Amino acid sequence: MRFRDRRVRTFLANRSAIAGLVILTVVFLAAALAGVASPFDPELRVEPVAGKFARLLPGGAHPLGTDSNGFDVLSRLLHGARTSLLTAVASISLALFAAIPLGAWAGWKGGWVDGLVMRATDVTLAFPSLFLAVAIAAMRGTQDLATVIYAVAAVSVPPIVRQVRAEVLRVKSLDFVTAARAVGIAPSRIVLRTVLPNCIAPITVLATLGTGTAILDAAGLSFLGLGPRAEQAEWGVMLQAGLDYVRDPARWYLVVPPGLAIAFTVLGFNLFGDGLRDALDPRTQR
Amino acid sequence: MRRVFLVLAASLCATLAAACGVREPAVNPAPAGAAAAPAAEKVLVFARGADSKSLDPAVVTDGESVKVITNVFDTLVRFKSGSLDLAPGLAESWSATGDGLQWIFKLRSAKFHDGSPVDADAVVFSYLRQKDADHPAHTDACAYWEDNFGVVTDVRAADPRTVVITLSKPFAPFQAAMALFSMSIVSPTAWKSEGVDAKGKFKYRFGEKPVGSGPFKFVRWNRDDTVVLERNPDYWAGAPKLDKLIFRVVKQNQQRLLLAEGGQAQIMDGVNPSDVERVKATPALELVTQPGLNVAYFAMNTTHKPFDDVRVRNAVALCIDKAALRESAYDGAGEIAVTPLPKGMPGWKEIADRKRDVVRAKALLVDAGLADGFTFKLSVMDNPRAYMPRPKDVAIQISQDLRAIGVTAEVEVLQFARLLEDTQNGRHDACLLGWMADYGDPDNFLYVLLDKTTARMGSSNNASFYTDETVHGWLQQARETTDATERTSLYGLAQDKIFADAPVVPLVQMPEMRVVSRKVRGYRIYPAGGEYLADVTIE
Amino acid sequence: MLHALRRLLWTVPLLAVVSFLVFVIGESLPGGAEAARFDVHANPAAVAEWKHERGLDLPLPQRYAHYASRIVADFDFGESYVDDQRVAPLLLARFQATAELALFALLIAIPIGIAAGVAAAALRGRWIDWLANTVALAGISIPVFWLGMILMLAACAVGYRSFQGRYDIAHEAVVATYTTRFYLFESLLRARFDIAASCFAYILLPGVALSTIPMAAITRMTRSAVLEEVGKDYATTARAKGLTRTRVVIRHALRNALIPIVTLIGVQTGTLLAGAALTETVFSWPGLGTFVVEAVRRKDSPALTGGLLFVAATFVLVNLAVDLLYGVLDPRVRVGGGE
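Chains F, C and Z, in that order, are what the protein sequence lines are. Numbering of the first sequence is given in this note's numbering, commencing with residue 1 and proceeding in unit increments. Numbering of the second sequence is given in this note's numbering, commencing with residue 287 and proceeding in unit increments. Numbering of the third sequence is given in this note's numbering, commencing with residue 826 and proceeding in unit increments.
The hints are simulated quantities; they were obtained by calculation from the structure and are not laboratory data. From a predicted model like this one, the values you see are computed outputs, not experimental measurements. Don't be surprised by glycine CBs; every beta carbon is placed ideally from N, CA and C. Please note: incorrect hints may appear among the correct ones.
[As the list claims (entries may be wrong)] Below, computed lysine to aspartate or glutamate pairings styled on DMTMM-like, alpha-carbon distance capped at 25 angstroms:
1. Lys478/C with Asp407/C
2. Lys783/C with Glu516/C
3. Lys487/C with Asp899/Z
4. Lys648/C with Asp607/C
5. Lys485/C with Glu1054/Z
6. Lys339/C with Glu904/Z
7. Lys876/Z with Glu613/C
[Claimed, not checked] These stretches of chain F come out as covered by chain C in the derived footprint (C-beta under 8 angstroms, 3 or more residues):
8. 123-131
9. 228-237
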């Protein structure tokens, strides 16, 4: 099969990009089918067998055992995919929603608006993302998924603002835009119709790579105990509980799977994002 | 401040300020081999899960502070080794007038670590500073005094060796409460050493540099890391056998155990129940255990609907599966508790527990007009307590249990101080808490946790705001009488009524457990909390 | 010089704004300042008196002015709301612990990362390139705290036990006399090799776990920077003159590629500090990251504010230093230019 679009061909020729796509497909499938595929309810303790239900070793009905609350680890792992993806996608969408208009406005207007927005991103970027997320979680003071989403969204905003602004600046100086302005087309129309469509490719790349980072940040926040509520099937929460079993090789199933799941998913986003960038951005041809 | 700046600048540039420190002859040259050959020195490391908050005995309420304080300070009356029985401490003897309103304590001869004598004036200083708000060493946080010594009207020195304490009415637990760590005798000389500030308060930061008369002297405190104490050779009860005592913080239970396994700690507390088997299998380690005088409980706020309804409380109590709770959140350790008074305390009454009965629970709810169940917020602390190694997991189990009757518990994990603030102000619907004995009197549990007078909005220890008048009558009577049989029967009545009313559901009573190196001799767990390491030695 | 000056001048207002922001964050914790301090026996009058003593009843701008002036004048970050501890000495101690861990991680990451990047570029398309790429990708995808836990599992399996704290407790008395909290480096400088060995044993696992973050980034950056240089005219010329590809890469391309690599290390400081916070949690390393998280849990605003400010200031200042260094390395920047 031959694809006409050079970009699709480039992407398909890139083996690691395909690997990323495959990984993401698996993770998305796991998330989508978690309800059907999970053997148990991830937030309901399993029925005791001979009085035992907590910390069951892997095997039988529980391929990955049960944790200290008697929750089936495999079911939590599958539902964790759903939680992680939802959190990451929600926070990145939220970030895009805030960052695109802000970046476009700054880039198009220039002058003091630009200065203000850029200095604001400078200030935000002065905080390592996790610390900013911790600060936001501290201010909200409650432990739920929303806290994680807001915190991760906030730290994802500045890089997107910068990218959008840079793209707008680049496109703004192009001839056809100058022409459009000369003809007297409304600036908002130019931005929406011509400038932003030109920014879609780099923003897509950024958002894809950013989703990977968002998953890591969200897991880190949960791991530090500032994440969602206790029963939530979430990978960072699972790892936090696993911290009490690192000395116990027999309890590997409480430590290894959630971390592998995070690494696998983030790897998928990174490979896919790199592949997208190579395909979409002619400047970084290998 | 200049030095601080230098260090910062050096750190920021990622160069080593140490270079400057070394070029000049070392300020504090360690004699060669001092650290390399510590064999002669007997150092005991006690590993624990959290740091002390302060080392000022009058203000602390947390167990981690108490562990250090009991080694630095003395009380007039102290516990006999490993028991709740009382023995003479700094007071050689004491007596009370017939009406129980005046107590006379005769002091022995002892010295503070700063060399000043422990005399009656020091005792008066140590107590009045907790009682009188205008005392230059008073702070607003003398919690234990307020809870236990509100009846004290006067403390005075009759002569340098005699202290007289006057009470407004008889208080049966008075003698036992005198052994509380908060009644430690502090050095007035130290307090006064840096003068007073504009408001007339002493400037000396006693909580950071405590001076007492106990078996060990304070050396230094590296926050969140170590508290270092050294032997007090002049201790009145004989110098301790250890040269140095180090309290060290390692948060995770299992990682703390690694220290003990690697010989980096000789005693550790907070062992995971699930690690007990492994400890037993390690030849170099010993598991020292003893029934603990504590109780973990689930408290329902009776001022919040629907927990004001005794049927609803009973429905919830009927639904909680304590056996499953013990199996999961307690790793199968501990003993199921039925009454809020721990087994082993005087006055404890054996009561047959409810059997889990979802059908009856549901019927009770229907009866209360809540056929569809209800939703409430279950507040829980985020750090392990002696009575609850994994609080979050306990909350999860209860939330799991209550699903059976359509009741939803939204688990809210809070920092401990924050949880207490909520529960004291009655902001919670329900919460998980626990209590550990401070001394051997049932009053310390039943009155403090469930009397109507302790349900003060704003500073309540009575997390269910249970204000039953009959129970109050019994508890008050038990406070004022000294007849042991009468007190036992009064406390028995109170426990029956509390069980039936179910303002709290006692969950589990945890044994005290320590992992101790086999090289350690003479270690005993004290049931009232605190660590007493004066008689401990290392082979 | 203009560039350097401009950067320096911008840093001052940046830090001012950052500190104000951090102050506002610290002041807006739910429950207010008293939530940190009062528990069992809060009596409203006592709370009010305490707030008055601490100047917490003043308006926010006034409080900030006071806070900032104390930092500038005395390097004083105030006292903890929980236990009245002065925050500055704690911050300094914790900061140095984190800095030692981060430096150690960089010391592992820089040589290995550059070597791997160069090897990948020199042998482009071969298995080593593929390996370096894969490892680097894994490095940015694996959560560092999980890696720490796995290392711990592995270490326990082989009987390695030195990873709780910073040194063998037997050395406590000597270490307490140190000038800095860079225990490993200071032990080396003081020629206390026994203590240094102990410190090394303790820093090894957290250091290795943390090093994966910068190592991955450095490998990727080195590879692409070197490849870019190799594609330039001068490199082509050099090859035309008969130099081997490897020689061109090492002798010429790498030198020019160092500039983006140095910049990258500056940018990585933030990630490194964040990674340190997570690594510290796993390894009970008494650093700034755990300090900030503890402050959040205790709702101790002065500690949280101080901790965040320290993190942000470090990040800003390291980037400033890198920027200035950049000027030294690349003469073009010194003349002016800007972005």
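For each hint, the structure was consulted:
no. : hint                    : in the structure
1   : Lys478/C with Asp407/C  : 13 angstroms, holds
2   : Lys783/C with Glu516/C  : 50 angstroms, violated
3   : Lys487/C with Asp899/Z  : 24 angstroms, holds
4   : Lys648/C with Asp607/C  : 15 angstroms, holds
5   : Lys485/C with Glu1054/Z : 70 angstroms, violated
6   : Lys339/C with Glu904/Z  : 14 angstroms, holds
7   : Lys876/Z with Glu613/C  : 46 angstroms, violated
8   : 123-131                 : violated (count 0)
9   : 228-237                 : holds (count 3)
Hints 2, 5, 7, 8 from the earlier list are contradicted by this structure; the remaining hints agree with it.
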